[in-house]
Every structure is written in C-alpha cells, then in structure tokens.
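Asks: The residues making up each chain are set out below.
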Amino acid sequence: SQQGEEDPQALSIQEGENATMNCSYKTSINNLQWYRQNSGRGLVHLILIRSNEREKHSGRLRVTLDTSKKSSSLLITASRAADTASYFCATDAYGANNLFFGTGTRLTVIP
Amino acid sequence: NAGVTQTPKFQVLKTGQSMTLQCAQDMNHNSMYWYRQDPGMGLRLIYYSASEGTTDKGEVPNGYNVSRLNKREFSLRLESAAPSQTSVYFCASRPVSNTEAFFGQGTRLTVV
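In order, the protein sequences belong to chains A and B.
Residue 43 in our numbering is what sits at position 43 of the first sequence, and the numbering runs on without skipping anything.
Numbering-wise, our numbering comes out as the position in the second sequence, counting from 1, plus 1000.
In isolation and in its complexed conformation, chain A is listed as follows (with noise of 0.2 Å):
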C-alpha cells in the first residue's frame, strides 16, 4: 500500500488542550497536505507544506515535516469542541500527480 500511517487512529482531549496528531509516509515526496473531515462529509484542505519547508502555520494549526523520517506532524492549539473530526495527512509523490492519503486521525475534544 502506498497509504501513509497516522499515530494516534483515536485521541480524545479536553477543550483547551493541544492535540498533536502524526503522519509517516514512505515514499520522496513534492509535498504534504492535511484534510479535515466532519462525520459524514468531503474533506477540506487544511495546509499544505513542500519537502523544503520544515514547519508551517496557519492560525491554530502547526505544522512540522521532517523528510528524513518521512514524517509529519499537525499541531492544533487551544482546541475547541468544533475542532471534533478526523484528520488525514496526504503526499504528493515526487514525478506524480496522484495523492495518496493515510488512515486518518479521529479527534474529540470535550466541551
């Protein structure tokens, strides 16, 4: 499989927590993108980072990669009960125009 793997499948914290949600690939890669997915919807893009970038952000959201391990990480601060969803990591293989998503992360966040 060409999927990526994301670490933890389940996270449940408390509103005004972090959450920190990680992404291992396995191919070279042109970039790394995260979705979003409330219960029962499309997926929305959240951020985009290229392999020569090693850290994003974009309002609440942080995010890290580190193409020596093939790995990312999605940060979310200060979470709010809206930020319950799943998570998904995407890569853009280097000399494709597929995009291959991982297993997803779902998030709860408790009021």
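Read the hints as simulated data drawn from the structure, not as lab findings.
In this text, all values refer to a predicted model and were calculated from it rather than measured experimentally.
We treat Cβ as the ideally placed atom computed from N, Cα and C, and that holds for glycine.
Please note that the accuracy of each hint is not assured.
Negatives, chain B to chain A, calculated, CB over 10 Å [as the list claims (entries may be wrong)]:
(1) Q1017
(2) N1028
(3) P1083
The list that follows gives simulated cross-link-like pairs (lysine-lysine, DSBU-like), each with its CA atoms no further than 30 Å apart [to be verified]:
(4) A/K70 with B/K1057
(5) B/K1009 with B/K1057
(6) B/K1057 with B/K1014
(7) A/K69 with B/K1057
(8) A/K26 with A/K70
(9) B/K1071 with B/K1057
(10) B/K1071 with B/K1009
(11) A/K56 with A/K26
(12) B/K1057 with A/K26
Given the coordinates of chain A, work out where chain B should sit on it, guided by the hints.
Replies: Chain B alone, transformed into the frame defined by chain A:
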C-alpha cells in the same frame, strides 16, 4: 459556485448490477480523482485523471472503470457490483498536481 458535485448521494445495488457514479466540477481544474473510504482504511485512490483525455490506475482499480468525459466530468463505473465494493466514494479535483484538492460530499454505496 458549486465546487465538486457528486450524484447520487446514496445508492443500494444488488450483487451483479452495474451503475455509474457521476462527478462534476466547475472550477476549471485539470486533475480529478476517485477515492473509496472504508472504516479504518482511510481513503484509497481508485483512479485519477491528470488532465482531460488521460486516466490512470490508483491503488485499488480492480472492479472499476472511469471516463473523463470532458474537463468538468469524471465518472466511475461499477460493471458488476460486489459486496466488497460497499463503501463511501469521494470525487476530488485540483488545478494541477502539488496543489490542494477539493472534495465532493460523497456517495454512500451499499451492495447487497
């Protein structure tokens, strides 16, 4: 601006029946994708089309065919449905490779 539109939203098929899932985007995107989502498996790429007139297999193409009818539309066909094809199917599009993808709302397919 509708984005990516999938039809139908729900479908129940009997084993052996055929059907076509429709996808259309109004963002003038070159690349389009079909995924299936199963519990615990994340999204798996079935087929993709880098540009009008081209299609390529993804991770799990067996049992499916696709047609890139024009720049807007990318359909997925199940010729002889099997229970193993019970899943939620998502269509996505993006301008070109290495950009963000936009997803439809999904088609929930049950094969009995």
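Asks: Now tell me, hint by hint, if it's right for this structure.
Replies: Results for each hint:
1. Q1017: Holds, since 25 Å exceeds 10 Å.
2. N1028: Holds, since 17 Å exceeds 10 Å.
3. P1083: holds (21 Å)
4. A/K70 with B/K1057: holds (24 Å)
5. B/K1009 with B/K1057: holds (24 Å)
6. B/K1057 with B/K1014: Given that 30 Å is the threshold and the Cα spacing comes to 25 Å, the pair holds.
7. A/K69 with B/K1057: holds (28 Å)
8. A/K26 with A/K70: holds (7 Å)
9. B/K1071 with B/K1057: Roughly 18 Å between the alpha carbons, so the hint for B/K1071 and B/K1057 holds.
10. B/K1071 with B/K1009: holds (22 Å)
11. A/K56 with A/K26: Within the cut-off at roughly 21 Å; holds.
12. B/K1057 with A/K26: holds (19 Å)
Of the numbered hints given earlier, the model fails none.
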